[in-house]
Structures are given as C-alpha cells and as structure tokens.
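A.B. asks: Sequence:
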Amino acid sequence: MAKIFFSGIGGSGVSAIASFMADRGHTVVGSDRSFDRNPEHPICKILKAKGVTIVPQDGSGLD
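Going by the numbering used here, the letters in the sequence shown line up with residues 23 to 85, in that order.
Hints listed in this document are in silico derivations from the structure and should not be mistaken for laboratory results.
Check each hint, because a few of them may be wrong.
Said to hold, decoys possible - Straight-line C-alpha distance at most 20 Å; calculated DMTMM-like pairs for lysine to aspartate or glutamate:
| no. | residue 1 | residue 2 |
| --- | --- | --- |
| 1 | Lys70 | Asp58 |
| 2 | Lys72 | Asp45 |
| 3 | Lys72 | Asp58 |
| 4 | Lys25 | Asp45 |
| 5 | Lys67 | Asp45 |
| 6 | Lys72 | Glu62 |
| 7 | Lys70 | Asp45 |
| 8 | Lys25 | Asp80 |
| 9 | Lys70 | Asp80 |
Build the full structure now, drawing on both the sequences and the hints.
C.D. replies: Given below as structure tokens:
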C-alpha cells in the first residue's frame, strides 16, 4: 500500500478522500492549519480514529 500525504486534510473534499484511502489500507498523513489551531476539531478526531496521522502544517511532517 502507498503512503499518501494530504495538505489541507481538514477540508470537506480532502478529508473525504483521505478517509477513503485510509479505509482502503493506505498509510495516510496530512496537515491542516485549522487542526494546528484546534486539535479537537471533529474532522481531526474522525481522521485520527481511522489511523490517519495529523502533523503540523509547517513542513515538519514531510519525508
């Protein structure tokens, strides 16, 4: 399976794609400025529950 990084993972479209890819067994990592300000955001919680890794949107999460 692939490792996929999404910038802006908190958006309605990108979060749906990230969720779909995580459900398919891919390793999903992403960042969103709104999650930097509010790590308790409902979409952030849903993605984390699916095993998605959320990193700060400062470039530190890129390999």
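A.B. asks: Look at each hint and say if it fits the structure.
C.D. replies: Quick rundown of the hints versus the structure:
{"no.": "1", "hint": "Lys70 - Asp58", "result": "holds, 14 Å"}
{"no.": "2", "hint": "Lys72 - Asp45", "result": "holds, 7 Å"}
{"no.": "3", "hint": "Lys72 - Asp58", "result": "holds, 19 Å"}
{"no.": "4", "hint": "Lys25 - Asp45", "result": "holds, 13 Å"}
{"no.": "5", "hint": "Lys67 - Asp45", "result": "holds, 15 Å"}
{"no.": "6", "hint": "Lys72 - Glu62", "result": "holds, 15 Å"}
{"no.": "7", "hint": "Lys70 - Asp45", "result": "holds, 12 Å"}
{"no.": "8", "hint": "Lys25 - Asp80", "result": "holds, 19 Å"}
{"no.": "9", "hint": "Lys70 - Asp80", "result": "holds, 19 Å"}
In this structure, none of the earlier numbered hints is contradicted; all agree with it.
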